[in-house]
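**Q** Here are the chains, one letter per residue:
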Amino acid sequence: MNKLETEAKGMSTQNYSLFYGGFKALNRISIQIPSNRITAFIGPSGCGKSSFLRSFNRMNDLIPGVTTEGKVCIDGRNVADEDVVQLRKKVGMVFQRPNPFPKSVFENVAYGPKLHGVKNRSDLAVVVEKSLKRAALWNEVKDDLHKSGMSLSGGQQQRLCIARAIAVEPEVILMDEPASALDPVATLKIEELMNELKANYTIAIVTHNMQQAARVSDYTAFMLTDENRAGNLIEFGTTKQIFTTPSDTRTEDYITGRFG
Amino acid sequence: MNRRKLSQNAAFSLFWAAGIMSVLIMAVVVGYVLVKGLPGISFDFFTTSPRGGLSGEGGIYSTIVTTFYLVVVTLAFAIPPGVGAAVYFSEYSGSTVGSLTGKLVDLARFGVDTLAGVPSIVFGLFGYAVFVTAMDLGFSILSASMAGACLIIPVIIRTTEDALKSVPSGYREGSLALGANRWETTWKVVLPAAFRGISTGILLSAGRIVSETAIFFVTLGGSYRVPHSLMSGGRTMALHVYYLAMETRAFDRAMSTAAVLVGLVVVMNLGINTITGRITGKQR
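In the order they appear, the protein sequences are chains A and B.
Note that our numbering gives residue 89 to position 89 of the first sequence, counting from 1, and the numbers run on in steps of one.
Each position in the second sequence, counted from 1, maps to that position plus 1000 in our numbering.
Read the hints as simulated data drawn from the structure, not as lab findings.
Any given hint could turn out to be false.
[To be verified] Pairs of lysine to any residue residues, derived as SDA-like cross-links and limited to a Cα-Cα distance of at most 20 Å, are as follows:
| hint | chain 1 | residue 1 | chain 2 | residue 2 |
| --- | --- | --- | --- | --- |
| 1 | A | 103 | B | 1017 |
| 2 | A | 103 | B | 1275 |
| 3 | A | 147 | A | 129 |
| 4 | A | 9 | A | 82 |
| 5 | A | 103 | B | 1191 |
| 6 | A | 114 | B | 1173 |
| 7 | A | 114 | B | 1171 |
| 8 | A | 90 | A | 116 |
| 9 | A | 9 | A | 76 |
In isolation and in its complexed conformation, chain A is listed as follows (with noise of 0.2 Å):
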């Protein structure tokens, strides 16, 4: 793979600025994020972390009074000229806390595919079993795919909240700090699946734990406020070379935990 293609594929932002109204919060941000990779961002509370993950399926676009710029890549693709639909298609996202709708486990998994024109039951039953299978979570619900998403323990909840993302059959996934919710146990499973799911998706997640960004990820961005609270992207690497040999003392400072 020569090196335009390597750009071409994945994602990638360039002096990417986000600002609400008129505070700025995301400062030029450069980055190119691996194809088929666990890639965290890290950082103290406020630095723009989720915001900064919300650009790549314009989740932001919700807020009013939101602006940018600068580019935000996806297969070499600017985001802000791609359908929103097609965008959000490509790009899943789980959150913070599960958020599965009020709806039967299949419902949940099924309302992606029959959003993107799904209709034949029996279609939907196969992309309901793979998914769920895929989020490590068929076992545990296949003798009732009838009983409410909401009645699953929060562990689950956020598994099938991963398996209606993979439902619609993403190139990526997002996940904004996807365990913090959970009790360790859960966020272990959390963890092993993500590493499972991994060679079919590119995956970039938002996490507060660096046990976790350490545990789970390949490469890892470190960001942090500057002096107008605007975050910045201090320094990015494998996740070895951070961890074991920042170049920037803010990042060795907040990896020992001197702040943060």
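Mind docking chain B on chain A? Use the hints.
**A** Chain B in isolation, oriented as in the chain A frame:
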């Protein structure tokens, strides 16, 4: 220490007394109506129409039919604009903050809140002037239901908007992130999730139509015959109570009709309780 305990006990007793009092008042009113009214209720009471005249004889068949028609037609007029406006306020108007449209939305909200506090007879006069007279629809179920719709639309908007707002924003985000647009999200996720809250508001409004009198006095007329079309006048059970008590000698029948009315209201409230009970049961 003792003072604190004393004030705690005093407050507790006061609230307790207040609670007992409100239950007692209700029990006395309902009990009085039932004791006076129940003996006059028989099968014939439900199946024969009032005979008219000063004696006040006959049953309440036609008033039951009128009440039923009026509730159905009024809801048919009121639900689409009421729920629609609430959906717009709750789901769509967020992006208009600060713009001219946003100011109009604020104005509309203020209007709705004001209308919700307007006495029902004002809607009645409006209905009489516009529907009965100007549009020449006469005293009819059509006139009355349009006036009634004006009365309950603000209530439906408010309760529906509250129900929509109580739907967690995570549902919307989850749906939008899967590529649904705003309408698909509203129709497939938000409205179903708010369904119970919305139905509660609608049932409350139906109860309002059953129990209002003044507004229908001036739009529905007072015919005691069974209505045969939307253009027929009629009298609801609540109006019938008024007519019996004020214009006939049959005060006992007014009480019997009132007892039926109370029974109906109790049933409707039980319905609301089942619905809201299920909400809390399910979301836990």
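**Q** Under the constraints set out in the numbered hints, which ones does this structure not fulfil?
**A** Hint 1 is the one this structure does not satisfy, whereas the remaining hints hold.
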